[in-house]
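Asker: Chains as they are written, first to last, in this note's numbering: chain F, 464 to 800; chain R, 464 to 800; chain X, 464 to 800; chain B, 464 to 800.
Hints are supplied without guarantee of correctness; some may be wrong.
Same chains, same label: a pair holds when it works inside one copy or across any pair of copies.
Said to hold, decoys possible - The calculated lysine-lysine pairs, modelled on DSS-like cross-linking and capped at a C-alpha distance of 30 Å, are:
no.	residue 1	residue 2
1	Lys774	Lys530
2	Lys658	Lys774
3	Lys723	Lys774
4	Lys557	Lys582
5	Lys557	Lys678
6	Lys614	Lys530
7	Lys791	Lys556
8	Lys693	Lys549
9	Lys723	Lys607
10	Lys607	Lys658
Hints were generated in silico from the structure; no laboratory data involved.
Since this is a predicted model, take the numbers as computed values, not measurements.
Here are the chains, one letter per residue:
Protein chains: 4
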Amino acid sequence: MIIVMKQGASPSQIQAIKEEIEGLGLSPFIEAGSERTIIGVVGDDRAVQLDHFYTLRGVEKVIPILKPYKLVSREFQPNGTQISVKGQVIGGKKIQVIAGPCAIESPDQLRMAAHAVKKAGVTIMRASAFKPRTSPYDFQGTGKEGLKWLKEIGDEEELVTETEVMDPRDVGMVGSYADILRVGARNMQNFDLLKEVGQINKPVVLKNGLASTMKEFLLAAEYIMSQGNKNVILCYRGIRSFETAIRFPLDIGMIPLLKKETHLPVIIDPSHSMGRPDIVPEASCGMIAAGADGLLVDVHCHPDEALCDGKQALQPEHFYPMMENLRKIAVAIGREL
Amino acid sequence: MIIVMKQGASPSQIQAIKEEIEGLGLSPFIEAGSERTIIGVVGDDRAVQLDHFYTLRGVEKVIPILKPYKLVSREFQPNGTQISVKGQVIGGKKIQVIAGPCAIESPDQLRMAAHAVKKAGVTIMRASAFKPRTSPYDFQGTGKEGLKWLKEIGDEEELVTETEVMDPRDVGMVGSYADILRVGARNMQNFDLLKEVGQINKPVVLKNGLASTMKEFLLAAEYIMSQGNKNVILCYRGIRSFETAIRFPLDIGMIPLLKKETHLPVIIDPSHSMGRPDIVPEASCGMIAAGADGLLVDVHCHPDEALCDGKQALQPEHFYPMMENLRKIAVAIGREL
Amino acid sequence: MIIVMKQGASPSQIQAIKEEIEGLGLSPFIEAGSERTIIGVVGDDRAVQLDHFYTLRGVEKVIPILKPYKLVSREFQPNGTQISVKGQVIGGKKIQVIAGPCAIESPDQLRMAAHAVKKAGVTIMRASAFKPRTSPYDFQGTGKEGLKWLKEIGDEEELVTETEVMDPRDVGMVGSYADILRVGARNMQNFDLLKEVGQINKPVVLKNGLASTMKEFLLAAEYIMSQGNKNVILCYRGIRSFETAIRFPLDIGMIPLLKKETHLPVIIDPSHSMGRPDIVPEASCGMIAAGADGLLVDVHCHPDEALCDGKQALQPEHFYPMMENLRKIAVAIGREL
Amino acid sequence: MIIVMKQGASPSQIQAIKEEIEGLGLSPFIEAGSERTIIGVVGDDRAVQLDHFYTLRGVEKVIPILKPYKLVSREFQPNGTQISVKGQVIGGKKIQVIAGPCAIESPDQLRMAAHAVKKAGVTIMRASAFKPRTSPYDFQGTGKEGLKWLKEIGDEEELVTETEVMDPRDVGMVGSYADILRVGARNMQNFDLLKEVGQINKPVVLKNGLASTMKEFLLAAEYIMSQGNKNVILCYRGIRSFETAIRFPLDIGMIPLLKKETHLPVIIDPSHSMGRPDIVPEASCGMIAAGADGLLVDVHCHPDEALCDGKQALQPEHFYPMMENLRKIAVAIGREL
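Let the sequences and hints guide you as you build the complete structure.
Answerer: Structural data, given as structure tokens:
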């Protein structure tokens, strides 16, 4: 349910509504807009009479939210959310291509990649120190050491940094090194992790699970927002299917659909979905044309030597022309990149 | 296997190769290019020694085709196939938006739709008289009567016509009314139908099955080509998955991947894949940007009254601005529409 | 809708109901039971008032069928259908293991297999002369020649025969050689073929499509029944999924669910679903215990030399002990085999 | 790689092998059998020469393990693992039906359910205090309070208890209240949780993820075993597919396949897979006949009032006859229940 206050409603009226909501065992989320304040009410509000709120002072109207997701829904917040971090905006006119190596392997490898993506105009770098790997015998990441390199090289190159967090116990620590945290596909329904990243105030990139429906994806984002963190960025990365020629088919329709259903920024991971670099540039053009707010791209200077997912990474010489083509598409649809 | 003849190889040399191939129980497919002739060899050629052909006169080189599909593969014909029908080219620089109602319901309904799509710049109209319906109690199409209307209205409006054929016994009859035949998703592995449309010389649009892999899709096209019909247009229309918010998820990566694997034109059906008109325009922009040669779009003047799949059809007032946006994307990637 | 006539309703009363139904543009299906006659009404009956029929003479009650499938639904016919062919009953107390080679390759190969399965107690033999193959370059079956061998060897060994039909033009011909016809998974929604087999009076085994829902499967059976052929046997053969260790995962719950939804016999294909013989015996035990009325099993005396799907066929030495184990399960659940 | 020691190999010889393995950066897992000791070697052993180990004293033979999973593979340990907890054995001749309510709601609700399942012959009770729920607004479980009730009522009724753990920080605490811990489907690739449960010495039930392959499932079990905990029980609970009539299709072939691939006990969850109680009894019969070592069944005395997944729970009056039928199947295949 959303309560829209009258223009000029007083702080004490707003406070009274807030207390009323809490008295019903529900949670109020207050958005003070430039013209009027709106109050989101979340929790099991099925037993609450909407009419009751009309009797309270300062209330303009009360709108039920029919979707199972509340705070993330476009109904709750008709304007798209823009998330700012160190001067970079995600969800604005500018399309953000977040790029970098899948895994942080060494300072040299990371520095080379950082240099390469910056040269292409990238302002946010991705790179993971913690890697969720299918086998316990595969390379598990460089951990805290890797995060230190990430911070150091991000500072050197003036790049905003984005990295994965897997364990709820690590959220604070990872947040002390990186600007944006990522919850990976395998952890989309790791609810304790979602609650933990919901309690920091850093942007969180949330990837959809391999077999998650759109509704489940948005409810996972709702877990984060309902803990208080409004800075959620959805990253769609495709789903598992029977097709073997492409790693995780990525439904192009999910981009406009997510943009309709939610006010959160929507970015796409062409690298982990396609699983092969040869079709990443054309697929990426399609994603941008369909309305994505950004991409999350694996770029590696020496993919053959990569310790993780190397075979899907783009080399800089293929990444540069792709960026040029993406720019042309961005301009054609009235955006920039 | 592909045999590339020397420049200036004589007709009798080519004839000798042809006989040699047939003597081995295989089938030769001869492509007389402007500079040199190439001969495709299909059938089970595993036991044949490539070296043997090098000893024959006029042979420049012999190239094995490693893919299970031969005639449809890009290895067999590196340049993209362009299919001409009544002055319209599919697979060329111009992106073809094939549009019209899902089903032919009445002369009036078809005429209105034809008028509407022509006004938007469309030159090829889709409309089906035979409808594969899940339930025997649903509207089954207007059959031969509908095809007569299709021919009449296509002629009136000077539109090339495209329509579905379901029964191998109807191929000749349907071909006498329409310019392009379509084999639907449910019939992608109806091998007797494929063989039948392989024996006419009209263009055939082949849609992928709901649970078909790319390899199976291309082998279905191979069935048609191996019967002699070179005019195959692939239409990707998404796959079945667990997601319920979108009818048949459409993997954007399949567009560049098909273009790499095959020389055939690739068009996309945004209407039957998305299953809802609200996201068709943005999804279509993505499909064009990713390299599709065309679209197959349901347009209906009164979707609420449609006898079949009305809820997914675009109304003309939404189709016109979509065409404008598609044109901008086409220009941005160096094509036209 | 089902109209249950009063005990002792006269033929003229029944005839009057029949005409009333036809006058409404619907189709009557009359079941003359030992005690009373029931009349199924199919077609789009949404606009028809049930009450109207209560006013007609001889009517006991009128029951709406809420399922989209009518004639195949358990509501329409509460007792399970038993289908008899040459003294063998499918859908009765006896569990029918239909076994034989995937494809008919030669008289010798078929005779050996027939001998082997008969020795194990099998009374119905499967073997296909027409093979739907993914590639046009794969073995396509022995066709009409193979059917002649099938008839000859079936007669010799006194085995009922079951074989696939793919082309609507072949239905009569195939029916002249074999006792039971099969519509394969790829043709489950080949509606012209369904209509054609609906017009003969031989039993038809209908396999589910690889990506078909239960509802679509039952509506495909409804296509056959609505043409007049009541002898439909459902064969569940699993679905396509992302798993690669098993060819087509076979949901054990589909067995009791189909038995609840429909009165038709339900058999299972453990060979094409599992795609590997090593797990067929245990999986088959599970299928029987869950309530299947029979199995459709690939048995081949020399699987390594098979021209089609050899790697999934059981050899006789593994088939015999499997039959013993199935018999124990059958007894434990009060059936026989 | 597995190193089989000679009969009578001395402790110092074994110690020498152990040190050799560690010196190569690999991990030894020593199984002291009644006749001879075998040593599993895990880690990236691709660069290690098998021959090298033959030169060491006491070595009988060296066997490579070709599967990506080592400790869980049947190659590593040909005999099936039997796991004992408070006198109950999982993986032995007796089939264990683990039953109880999905969620612990109150002491009364749990006590009634405990009583009901015990009366049916159950010796291990399932019940969850921590619930992974799709929406943050759904009932999230009774937490630590619920675990206290579980311990108290388990003690009263002399039932072994099994419950879910979701957060790596809770593993020790949950283990102090319950006899068997469960990692749910959504956490199958929550690798930090797997590592944590790998370090306790309580049995762990591991459920497969909704879109996990068999290989990924076994590698998740490998994560637990490679941390030292040998008491892993695999629980297969079906996969996500396009079918909507059944919640998570459960491939019957996965039971014999898992039993071939791994020595770990395999139990099945018919309740969460089927998602509807009406087909659970027949499906369960199929699972037992196919070789499952046990079941995990939701039983609730008042399903309509359940706070979670009530609609799939069996009521005691349906659970009792199901147990009778399962017993008949168990006897038919030479087991007991």
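Asker: Please name the hints from earlier in the document that this structure breaks, with their numbers sorted from lowest to highest.
Answerer: The structure breaks hints 6, 9; every other hint is satisfied.
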